[in-house]
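Protein chains in written order, with the numbering used here: chain W, 69 to 307; chain G, -13 to 59.
Note that these hints are calculated values from the structure, not bench results. Some clues are possibly wrong.
Claimed, not checked - In silico lysine to any residue, SDA-like type, Cα no more than 20 Å apart, as pairs:
| no. | chain 1 | residue 1 | chain 2 | residue 2 |
| --- | --- | --- | --- | --- |
| 1 | W | K218 | G | I(-2) |
| 2 | W | K299 | G | T43 |
| 3 | W | K222 | G | Y57 |
| 4 | W | K230 | G | T43 |
| 5 | W | K220 | G | D52 |
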Amino acid sequence: MKKSLFFLNMTIVLLLVTLVIAAGSSTSSKTVPSDNFETDEVARDIAEDIAKKKIIEKPKSLTAEQKNTARNICEKNKNRKERIRCRLKYIKKHKEEFKAPYNKAPEACRRLGKDKMKRCKQFYENSQKCYLKKGKYKNKCFKRLANFAKAKLKDEKENKNKKSRDYVILLLYDIQEKIEKAIENERVDADKGAEAIDKIVEIKEDILNGIKKKDIKPKMLQLRTLLKDLKSKIDQNAN
Amino acid sequence: MQIKKDNIIWWIIIVLAILVVSYFLLGSSEEDSKYDDSEQESVIDEIKDEEFENIETTDQILNEIDDSLDYFD
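Extracted from the complex, chain G is given alone in its bound form (with noise of 0.2 Å):
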């Protein structure tokens, strides 16, 4: 009956093992692909439409990129 006990709890501590290395890495793939879509993307939905820049023209464009440049290491 002991040995049974044992290997019971054998049985219980690898499932366990299985399932915390498997959440982990569930944990880990979802880290991955979320990419840039959610975190900061609330941060930046509290700040007002108004506050950022009309930018559509070519030359526009040009200037914001040549501006952006400079922070560029």
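The following block holds chain W by itself, in its conformation from the complex (with noise of 0.2 Å):
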């Protein structure tokens, strides 16, 4: 009887234990993102983007050792637009993107609290394939991200502020990824980079701290202004 028991008890134990194994990994599966959208166009474009990458790109000099001592002169400095300013100086120098340390957060993230920094970091981590798209595919790649559930904003019905405001901040990375990609390329110059860069930071820490609209518009206009004259340099290899 006894022995009866105990085995009774170890099979329940046993069935119990598998059902939450299996019923954990079903759901870990569901959260693994999904890339069937891309059509073969898109496929096909992401693969001349990385052609294109590895023919321009140059000889990289620099160690390992050394890119990480020159990273780190930039994110001693105490001032954001000066940190800009190296950083897009390292890329002018060295044809390449500005990888910060494994321990810091995107500029626009780093005054938020820890939960939104979590968010913000994860935002901007998931974000990064949408810019290997172009045109129609990366505004749907952003809306995804931004959970839309129509393509144009208009249409949404719910959580119109919340995803406004993740859609907007995509589109700011996207003008700040196409002055770093000029300021590789020696079509516009590192300061006048770092002043806009840093005003585009500004918008987003605005954005990510729900400030309202009528205090961002100003610096929109703010942003304009300084895109005015790097506009026509920025554009050159867009669409």
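If you follow the hints, you should be able to join the two separate chains into one complex; please do so.
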């Protein structure tokens, strides 16, 4: 009797453990980002981008250690605009993207609270795949990340405030990426680029902090002014 | 024998409780980590690519930002 009860108990426990593991693994598989929306055309575009990048890329003269030192020098600047300027100079000099040290969040996320910063970093990481796409595919990618259910913001029914904020952040990153690319290709001066990117970061911080639109609009006007002379140089490679 | 039986029943209840609690804990952490990447994706995937806008130049992006700002609180 004692033995049979022991086996019954063990069987129940094993069964329940199996159920929990099975439930856990099935929910985690739901979260794997699906890329099946990509058409062959998009895949081709990405392949072309990678191929182009390989051709443009110059041989790396710095060792990993030297790169880390250069990056840490930029990070040591107390002033945000100086940090940005330093990174842009690195991009211009070494013809490569500035990768922040592993423990550093993107500029716009740094002054946020712990939870918001975590979300901000994750959002930034998720957005990277969008910048490999172009045109409508990039726009779709942005809207997917911003949780859109429709192709246009005006048609959205719920959470328009949150969706529009996330979408604008992605659009601002897009301008930032273009400025960085233009600096890398020596079409834009690093100092002027730093002014514009600093304003972009400031606006992104406001958006992430839930600042009202009436306070953001004047800053957008300032950004327009800063970009006025840079636009034609930034857009040289645009469609 | 009765005492042993009671013990076993209590053990089953404790194990069940632990499993239920851990199941819900796992479930809720999963909710946190999935962030923006799942549910709505399938909704937007059903929309044709052609319905999205080609926003590439700085002016187009700035105009799109200005339009989107109107939906901010």
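Here is how each hint holds up against the structure:
no.: 1; hint: K218/W to I(-2)/G; in the structure: violated (49 Å)
no.: 2; hint: K299/W to T43/G; in the structure: holds (8 Å)
no.: 3; hint: K222/W to Y57/G; in the structure: holds (8 Å)
no.: 4; hint: K230/W to T43/G; in the structure: violated (25 Å)
no.: 5; hint: K220/W to D52/G; in the structure: holds (14 Å)
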